[in-house]
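Q: Next come the chains, spelled out residue by residue.
2 protein chains.
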Amino acid sequence: MKTETVTVDLDNRSYDIMIGPQLIARAGALIAKRLPHVRAGIVTDSNIGALHLPELEASLKAAGIASTSIIVEAGEQSKNFPTLETVVDHLLAARLERNDIVIAFGGGVVGDLAGFAAGIVRRGMGFVQIPTSLLAQVDSSVGGKTGINTAQGKNLLGVFCQPQLVLADTDILKTLPEREFRAGYAEMVKYGLINQPDFFHWLEKNRTAVFAGGKERIQAIATACRSKAAVVERDERENGERALLNLGHTFGHALETATGYNAARLVHGEGVAIGMVLAYQFSAWLKLCSAQAAGQVEAHLRAAGLPTQLEDIAGSLPDADTLMNSIAQDKKVSNGALTFILTRGIGKAFIARDVPAAQVRAFLMEKLRSPH
Amino acid sequence: MKTETVTVDLDNRSYDIMIGPQLIARAGALIAKRLPHVRAGIVTDSNIGALHLPELEASLKAAGIASTSIIVEAGEQSKNFPTLETVVDHLLAARLERNDIVIAFGGGVVGDLAGFAAGIVRRGMGFVQIPTSLLAQVDSSVGGKTGINTAQGKNLLGVFCQPQLVLADTDILKTLPEREFRAGYAEMVKYGLINQPDFFHWLEKNRTAVFAGGKERIQAIATACRSKAAVVERDERENGERALLNLGHTFGHALETATGYNAARLVHGEGVAIGMVLAYQFSAWLKLCSAQAAGQVEAHLRAAGLPTQLEDIAGSLPDADTLMNSIAQDKKVSNGALTFILTRGIGKAFIARDVPAAQVRAFLMEKLRSPH
Ligand SMILES: NC(=O)c1ccc[n+]([C@@H]2O[C@H](COP(=O)([O-])OP(=O)(O)OC[C@H]3O[C@@H](n4cnc5c(N)ncnc54)[C@H](O)[C@@H]3O)[C@@H](O)[C@H]2O)c1
Ligand SMILES: NC(=O)c1ccc[n+]([C@@H]2O[C@H](COP(=O)([O-])OP(=O)(O)OC[C@H]3O[C@@H](n4cnc5c(N)ncnc54)[C@H](O)[C@@H]3O)[C@@H](O)[C@H]2O)c1
Ligand SMILES: [Zn+2]
Ligand SMILES: [Zn+2]
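Protein sequences, first through last, are from chains A and B.
Residue 1 is where the first sequence starts when you use my numbering, and the numbers rise one by one after that.
Residue 373 is where the second sequence starts when you use my numbering, and the numbers rise one by one after that.
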């Protein structure tokens with residue numbers, strides 16, 4: 001199977017995303033070719049560390065890249081201040097310098113945490129992403145957003161830190177739990193829903209092939225990366241259009257907060273799946289798009305085995321006011337008014353500024369009262 | 373007395389440094405004019421908080437800028453992880469948004485800490501510097517370097533975060549302890565020594581007038597800012613020339629580490645004063661500049677009441693090996709080789725790469741054995 005390369009064009013900070021099989025084995029050589037003489041601090045989590053770290057370490061060593069490994073606990077709770085401090089302390093104790101690299105080897109959690117560390121150690125070190133979850137391969141490893149959570153909410157602290165190379169090894173997805181694969185699939189569907197209706201319809205046809213692996217999977221990941229790269233190129237710092245990538249995320253984040261970031265109840269991509277359905281239903285409720293479009297989105301995500309409704313979440317949820325409160329603290333608030341990603345149909349998302357909080361609240365009240 | 377304005381030209385991130393009397397009283401109006409509709413999180417320290425915070429708060433309020441104040445303990449030890457966490461938590465709890473501003477109201481410690489917070493909260497908020505120490509007015513508030521210290525050394529964590537406005541109120545220096553004024557003076561002298569011999573000679577003639585206040589002081593601060601701005605404009609991220617600003621700092625940082633950042637023994641600018649004399653003496657020792665130039669630098673700093681020799685530091689110092697070790701951990705190390713700012717005379721500093729550590733060590737051994 002062929003390796004695909006997507007280039008993110010950001011002038012002198014441009015970088016390649018390589019997507020294909022057996023990239024871990026080639027990682028050392030691929031890095032050494034582009035970044036000669038670097039040493040590396042690998043950040044990974046306990047799951048990926050146990051399964052795949054020896055292969056990456058061997059690959060670096062074979063290419064003459066000295067490395068040190070930092071293993072954090074798997075899970076969202078590692079995106080916090082104490083873990084960040086542990087990571088930067090380790091990088092500094094290893095005497096890594098500005099021109100050396102941090103390698104994020106894991107899912108979005110590791111990518112966000114390691115990227116933040118790379119962005120602040122010595123005011124910015126080199127950075128390479130080796131995403132191992134589908135979500136990280138199609139979303140979090142591309143575009144340079146990094147960060148951690150605080151008591152006030154998700155991703156409230158961070159920096160923009162573009163990687164110098166992204167290696168998305170599609171073989172490594174074989175050990176990814178099915179549920180995590182589905183969660184990443186939700187983010188892939190997102191690009192179709194935002195502005196690529198053809199991709200959404202292609203996924204409707206090729207979903208089972210993408211889940212099965214093979215060339216359709218590589219193609220789908222590459223399409224997703226290309227789609228994200230295009231948005232990031234036009235609006236790196238999210239002053240405008242990049243906000244479209246938050247489709248489904250305002251509701252999704254509120255649900256993640258409501259479930260205490262408890263992965264047993266909800267993982268990020270699942271929150272996004274429900275959030276996207278809510279965004280379509282809210283758009284339909286506002287008479288912006290058809291109920292049929294909302295139904296089509298829900299049907300596709302449900303067919304992929306994703307949760308799509310509030311009652312798909314195990315356990316009880318807080319009331320509409322509590323959800324609203326957590327939405328208001330979300331970072332997509334500008335001078336008190338709510339900014340929402342709404343849609344006029346499949347592939348027709350848009351940024352709606354000044355959405356009245358009262359409308360969101362009324363919609364949520366209905367949803368919470370009579371589900372379906 | 374006239375207010376001087378120095379512009380730091382960084383394309384769409386350009387900003388003004390205003391230097392003159394009574395700028396705290398005008399701060400609200402000056403900010404509101406440039407950044408309409410912002411709210412502010414003021415970060416200050418216990419000393420400046422007690423002396424000047426009410427005036428700044430009143431000035432903002434009069435201009436319609438809502439603000440919240442965060443007071444950290446005065447002193448270098450506040451540039452640490454726990455204090456950073458306190459500051460960002462407060463900014464988030466106050467629900468400040470991306471377009472709101474953090475105001476650093478204090479010396480270099482507050483500037484570095486608050487700037488780092490501004491750089492990472494919501495991946496970057498607005499930022500205004502109101503430096504209150506001479507050192508902060510001529511150095512740390514200009515150029516966008518921010519950061520905190522870690523167990524491994526000074527300023528090892530941080531981001532580049534350019535302010536949108538710098539207000540250097542020369543009246544506020546009236547309450548600055550004399551010793552801190554002298555420390556800031558050392559950084560001012562640094563610009564003369566790097567590449568502006570005329571400014572050094574001007575300071576030799578006008579030193580007492582600069583210490584007395586008045587128009588010479590404003591002129592000297594503006595010249596220093598202009599000098600730093602020119603370097604930053606050419607090399608914002610310190611890939612080259614900006615390293616010149618570290619003249620005296622490699623030795624200085626090692627001395628700060630050796631004295632445990634204990635301000636009773638040594639403050640930053642004093643470390644820089646001794647460090648600059650050592651840099652000249654080391655350059656003379658290497659036959660790069662004349663002993664006469666080194667003597668002239670020492671004489672001027674000594675006349676200003678600054679420490680200039682190792683034995684001016686109260687208490688005992690560690691041996692040459694320990695100092696070398698701390699120099700090697702300093703961030704101006706590239707692939708193991710030592711980078712030093714050396715000089716060929718007054719205003720003739722240059723970046724020397726690959727200075728053998730053995731030579732630095734031999735020089736330090738001599739200095740520690742037979743002072744003078
Ligand atoms: N920076 C961005 O632009 C961006 C975008 C989207 C999401 N995110 C962030 O990404 C995070 C979610 O990412 P995620 O879903 O990858 O979570 P994750 O990193 O927690 O990974 C999910 C789980 O899968 C495991 N795992 C990952 N790869 C594996 C593999 N190949 N084999 C076996 N197990 C594997 C992990 O150990 C973890 O238990 C969230 O914190 C979210 O905020 C960031
Ligand atoms: N970011 C940069 O580019 C840069 C450059 C140089 C130095 N620095 C940093 O700056 C720091 C040193 O700055 P500093 O010397 O201003 O230290 P500081 O901030 O600790 O201030 C020195 C002392 O003077 C007090 N003070 C300040 N202004 C006062 C006033 N107007 N009236 C009364 N008291 C006042 C402070 O409370 C403190 O006790 C160091 O941490 C150094 O690393 C940063
Ligand atoms: Zn997401
Ligand atoms: Zn300094």
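Because the hints were derived from the structure by calculation, they are not lab data.
The model shown is predicted, which means the values in this text are computed figures rather than measured ones.
Do not take every clue at face value.
Stated by the list, open to error - Ranges between beta-carbon positions, derived for each pair:
(1) L51(A) to A465(B): 38 to 44 Å
(2) N452(B) to E73(A): 20 to 26 Å
(3) K174(A) to D726(B): 45 to 51 Å
(4) A465(B) to N12(A): 34 to 40 Å
(5) D319(A) to D388(B): 35 to 41 Å
(6) A32(A) to D726(B): 21 to 27 Å
(7) P728(B) to L51(A): 43 to 49 Å
(8) A32(A) to A465(B): 53 to 59 Å
(9) A438(B) to M365(A): 28 to 34 Å
(10) D9(A) to E613(B): 24 to 30 Å
The beta-carbon is built from N, C-alpha and C at its ideal position, and this holds for glycine as well.
Q: Which numbered hints turn out to be false for this structure?
A: Hints 5 and 8 contradicted; others consistent.
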